[in-house]
Amino acid sequence: MRLGIRRPVRALAIPAVAALILAGCSAPSEPSGGSATPRPGGTLTLATDSDPGCLDPHQSPAAAALLTGRGVVDSLVAQDPGNGALVPWLAESWTVDPRATAYTFTLRTGVTFSDGSPVAPAAVKANFDRIADPATKSLLAAGMLAGYTGTTVSGDRTVVVRFSRPNAGFLQAASTAFLGLQAPASFAAGPQATCRTIVGSGPFTVAEYVPQQRIALARRAGYRWAPRFAAHQGDAFLEKVVVTIASDNGVRSGSLRSGQIDAAGAVAPRDAVALEREGFPVHRREQAGIAYSLFVNSVKEPWDDVALRRAVSRAIDTAQIVKTLYQDRYTRAGSVLTPTTPGYLATSTQPTATEAARMLDAAGWPVGADGIRSRAGKRLSLRWSYVSPAREQRDLLAQLVQQQLRAVGVEVLLDPAPVGDVIASQSRGDWEMSDISFLRADADVLRTVLQSSAGGRPPIIPDGTLADALAAGAATTEPAVREDSYHRAQQRIAEQALAIPVYNPTYLLAVNKAVRGIAFDAQGLPQFYDTWVDR
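Residues -18 to -1, 1 to 517 in mature numbering (1 follows the signal peptide of the UniProt record, and there is no 0) are what the sequence shown spells out, letter by letter.
DSS-like cross-link-like pairs, simulated, lysine-lysine; straight-line CA separation at most 27 angstroms: (1) 107 <-> 119; (2) 495 <-> 222; (3) 360 <-> 282.
These are calculated hints, taken from the structure and not from any lab test.
Put together the whole structure using the sequences plus the hints.
Written as structure tokens, this is what we have:
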């Protein structure tokens, strides 16, 4: 008997999203000759740009943690990367109450964590209770559980997850690794220990983690519960996946050329062009979630003046950035959400430095002798703390933005710093300009990232009108109402210049011709369950 979903919550309407998702992923280049039948065994060595710092997706908000964590940690539901549909995974079915405050899941049988313990209702409760516990210091996952009041175990296979207020985005959030299930016994060692190793029910286990060097995943025997959209069922083909850390773009590309690695992740667009010319397949996936955007702290003087924020947004030529730095391999952002995210609405306009300068003049900030504007002895200055080293030529982007703003009289003081320092300053609210992109295939990402106070940090955008629109989206499962709410949220962000969308994040993965079966998840990150090597 085929088990389905009983009275499912309806997903947000996503016209044309499936086509955009599929168009964003290049067709795999198959080698001439070789086998068309997957060959179990072998090791895939991938070089990526950044170390996650913490492997535990309950704690870490980093995409680097998802790259490896998704292969280790399964979720209650899965999101089909082809059409965005939510389908059974560890839960074989679910129901949602009309107010989206109670989610009832029926778990499938026979599923175990890699430590041998069962994926049972008590384990679901232990995971969600742990995420919501302030002691876990979750930087994102706790925000996805906003309003969580607890999980009730009902029988051998059923759990009910409850919220004090509507949380319509929870079901999609439950498909991400951030709310993925880990073996409760592993929590006893404390959050620091789970940063070094995680124990899930996925097709791989963590075999080794050497910070800033490598993460090794080993195939788990007996895996039998992949989502139905997977290319196969059963154990992963690869015996091992070794992810090495190489922040330098040239090092990753050079290692692929020399045969030291099988795949180079987060390839720079310039390198991707060269590698394709040399015959290396490059897989491309435009990612869902928050577009790479710049944010000016709207509660700090003088940037609490919307006229100044609007002027800055007009001065930053995002088309030039995309063309100059990314060879148009990334598309210019049209909104704070990416086009592959359900609920996307184009809001961006074409910026002009002339208009920006006129707006700054009107706001009463004249240009000084050194070309920087000032008023009452105060320079019009922004300190930008950003992560370095980082992917996507962030240092060059920061310098280009600095030049563009200086051209209209705004001083940008660049403050590159390690990721931990940047997160810490954001958590304190001690920032003037920042940059963010975030992966999640649901418009509720605007609420959980930009307005979350998880971990005690102040929201990135503390705007009441925006909060109301996002709350409305979280309060209903009706697709049309949710879509309208998220359209209003994007319009509010654009009108108040609360974010400056730059480009749509795109994952570029270059491989040698022995690598077959590359797939991307719904968030736009490569996954290796169906991958194999033909050698």
